[in-house]
Amino acid sequence: METPMTEAAVTTEIDSRGVATVRINRAERANAYNGAVIDGLYEAANRAAAEDAVRIVVLRGTGKHFCGGADLAFLKEMGVATEARNREFSIRTTGAIRALNELPKPTIAAVSGACYGGGMGMAAACDIAIGAENCAFGLTEVRFGIVWSPIAHAMDAAIGTRETRRYALSGERFGAAEGLRIGLLHEVVAAEALDSRVAALVDTLLANGPEAMAAAKSLVLDLAGLRMSDETLAEIAQEAAYMRAQPEAKEGLSAFLEKRVPAWATR
Amino acid sequence: MTDESIKTTIAEDGRATVTLNRPEIHNAFDDALIADLRWVLDDLAARDEVRLVVLASEGKSFSAGADLNWIKRMAGYSEAENLADSMALAHMLQRLDTMPVPTIARVQGAAFGGGVGLVACCDVAVASAPAKFSLSEVRLGLIPATIGPYVVNAIGSRQARRYFLTAERFDAAEGQRIGLVHAVCAPDDLDATLNGIATELLKGGPSALRQGKALIGRVTGGVPDSVLADTAERIARIRTEPEGREGVAAFLEKRKPGWVVENG
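Protein chains in written order, with numbering that gives the first Met the number 0: chain A, 0 to 266; chain B, 0 to 263.
Okay, chain B solo, but in the shape it has when bound:
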C-alpha cells in the first residue's frame, strides 16, 4: 500500500504497525517520507478495523530527524518554500498526534530532533534502555519548532527549557523520568514489553478507546491550527537568517559554526 520507505501491516486483531524503513540513513525523514507517512496515517485513521497503531522503525536508530540531503536542499530554499515544507511536517505531526486510536512508539535506538517529535506524538512510548534522545536543533542554529507543542505537552515546560536549550543527549531512563517514554526495557525485551501494553489496550472497548482518546484531546486542548502555523513560521524564518544558514553550512561542511568560542 506504500513505497518501500514505509512498511504497513494490519493484523487480524486490529493492530496496525507502521515501520519506517530507511535504516541506511537512520530513518531520517525528508519531504517525501513526511508526505508518505501522512498518507499512511490518514489511511489508517479512516479504517474502522484498526484499533491500535504501532510506530516502529528498522535498523539501529529510531529516527535521526531531518535527512541530510533534505537539509542541503532546504538551505537554498526561500522563506516561502521553507514555510511550505514546515507546514507539511506540522500537519503530519498533527495527524499522528490526533490519530483516533491509541498509538505506541517502539523506540529501539536513537531519536533525535524530529524523531523525538514522533515519539512525543504517540500516546505511549516504549524504549530500549540504550536508546538515546536529543533535541539537537540549536547545535545547527535551528529550533525544535513544529515538534515543540507535542514535546512540551509530553515533558512539560520545565524539562523543555533545559533540553530545547542545551541539546544534550539523554538516555531512556532520563526519557522515562521526564515523561517522554513510559516504559524502558532491555533491548531483547522490547517486543515483549510493547506486546504487553498492546494486549492491555486491545482489552479496551474499541469505541471506548476512541472516545477516551478524544476526551483527552478535549480536556488538554490539543494543539490548535494557529499554533501549527506559528511554529512553522518560526522555523522557516530562522532557516533563512544568518545564524541558521551558518549552523547548517557548518554542519554540512563538518566544521564548527562561527559562534563556537574556544575555552580559555
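So here's chain A without its partners, still in its complex pose:
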C-alpha cells in the first residue's frame, strides 16, 4: 500500500476476541468519503470477510461523526473527469456498499453525529445500527443534483419503500428518534453510552456460533433478496456516474462549494 497506515482513510483494528473495528478516518472532514475512503472500506470489508480470526465487525467514524456523506469537492472533480474514471468511482462505491451489506459476519454500525447520504447507506448496510442521540440523517443527494443509486438497495431494505420514497425525494434532515422509528437504527442511546452499548452487543454476538451466524445472515439475505448481482451493480454505477456528469449536478455541487443556492431553487 502506498499510503502509510497512520494516514489511512480507513483503519482496521482486530482484537484478541476477533472483533474488528473499522474506522472511517477523516475526522477533519466529518469523515466525508472520497476515493480513498471508498477503497479503504472495500478492502476492510473484504479483509474482515476473508480472515478467519475476525468474528464480528464494528463500523464507526473517527471523532464526533460517523460519516458526513460524500466529499462534494471530490464528487465535483469526478463529474468532470473522464467518463471511465467517473464510472469507475461509482462502481467502487457501489461495490464497497455491497461488500459491507453481504459481509458474511455480523456487522454493527456505531453511529454518532453526521450520517448523511452514503453514510446512511453504510449504516443501512450493517446488520445492526446503534445511534447516539445526536445523530443527524438525511438523503441529501437531491439537494446537490446527484442520485443516491449506490446505497438505494441497502436503504430500501433497511427503512422500507414507504419511507424511502419520502426521504430520497425530500432530502429532509432528521434525527435519531426518526431514524429509530423508520428502522434505520435499532436502538438510540445517550452519546456517552454508545461505546458500552455496542460493547454489550458484541459480547452477545460472541456467545453465538460463528458459522451459525454466517448461515443465519445468509438466510436473511437470500429470503429477502438482498444480494446484488454484478449486472445490477454495473447498472446502478452507470446511473450514478451519468447523473454526476450532467449540468444539474455541476450546478448543484458548484452552488454548495460556492455557498450559494442552486439555480433551480425557487422560493
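Simulated from the structure, these hints should not be mistaken for laboratory data.
All figures in this text were calculated on a predicted structure; none of them were measured in a lab.
All residues carry an ideal CB built from backbone N, CA and C; glycine is no exception.
A portion of the hints provided could be inaccurate.
Unchecked claim - What follows is a set of in silico ranges between Cβ atoms, one per label pair, in the way DEER data are often shown:
{"id": "1", "chain 1": "B", "residue 1": "R168", "chain 2": "A", "residue 2": "R180", "range": "20 to 26 Å"}
{"id": "2", "chain 1": "B", "residue 1": "G58", "chain 2": "A", "residue 2": "Q237", "range": "55 to 61 Å"}
{"id": "3", "chain 1": "B", "residue 1": "V218", "chain 2": "A", "residue 2": "R16", "range": "42 to 48 Å"}
{"id": "4", "chain 1": "B", "residue 1": "A45", "chain 2": "A", "residue 2": "E191", "range": "55 to 61 Å"}
{"id": "5", "chain 1": "B", "residue 1": "A248", "chain 2": "A", "residue 2": "R180", "range": "41 to 47 Å"}
{"id": "6", "chain 1": "B", "residue 1": "S225", "chain 2": "A", "residue 2": "A26", "range": "46 to 52 Å"}
{"id": "7", "chain 1": "A", "residue 1": "D51", "chain 2": "B", "residue 2": "R254", "range": "19 to 25 Å"}
{"id": "8", "chain 1": "A", "residue 1": "G62", "chain 2": "B", "residue 2": "A83", "range": "52 to 58 Å"}
{"id": "9", "chain 1": "B", "residue 1": "A185", "chain 2": "A", "residue 2": "E234", "range": "51 to 57 Å"}
Unchecked claim - Simulated pairs of lysine to any residue, SDA-like, Cα-Cα distance not exceeding 25 Å:
{"id": "10", "chain 1": "B", "residue 1": "K71", "chain 2": "A", "residue 2": "K258"}
{"id": "11", "chain 1": "A", "residue 1": "K63", "chain 2": "A", "residue 2": "T81"}
{"id": "12", "chain 1": "B", "residue 1": "K255", "chain 2": "A", "residue 2": "A213"}
Chain A is already provided as a structure; the job is to place chain B on it using the hints.
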C-alpha cells in the same frame, strides 16, 4: 378429535381454538406434535363452518420451540433424516401460514425459536406484556431456517438481521414495535383483548375474509415450495456440521460451547 398434546374446540360462532397442551415442557414441539398440529390444521382448513382459528397454549409458556428429547434424537440423525424432519416442520408452518381463515396467536408467555415461527405464521398476534421472545437458534450453533420466511415477512429483513444474529431476548413491547405482535396487554386482559379482535373478525363476511386473505397471499407472493425445501436443507446441513453438533452437545451437557471465548 386428537390426542391430549393438542386440544381443539369449535364454537358455534365458527371460532376454532387449537391449544398446545404440553405445559410441563413449555409446549416445546417434536416430530409427533408437528404431525398432530399439521393434522388438526388440515382438518380445520377443510371445514366450512370454521371462520376463525385461535392458536393458544396451556401453562406458563407459549412455546419453547424444539423439544429437548427431540433435539437429542436429532443429534444422532443423518442429514437425510434431518431433512425429512425439517420438511415436516416446514409443511406444518406452511399449513398454518396459509390457513384459509383468519388466525390469531394468543401469546401468554415465552415464545422461543420455533415458537416465534408459530406466532409469525398467524395473521394477528396478541401478547401478554411479560411474554418474552427470542430467535435463540444461533446459541446452539443452529439457524431459524424453516421459520425464517415467516419471521422475515412479519418483522422485515432489518429486524431479522439483528435478532437472527444476536439471539437476544426481547419483550412484547419490542415485539409490537417490530411487527411480530399486533397488540400487547396486561396478562389478565389477554382474553378480553383477543375476544375484541375475534369479535371484529366475526363481523366480516366469511367468504370475504377467506378471499381477502387469499388476496394478501397473492400480493405478497407467499412462501414458495422452493423456499421451503431450501430452508429445510439449510437446517439439515447445519445440524450435521461440527459447529451445529458442538452447539447441541454443549446445550444438552449444560456447558458452554467451544466457540465461546472468555472476556479479557
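(message) Hint by hint, where does the structure go against what was stated? Just the numbers, ascending.
(response) Numbers 10 and 11 - these are the hints that the structure violates, sorted from lowest upward.
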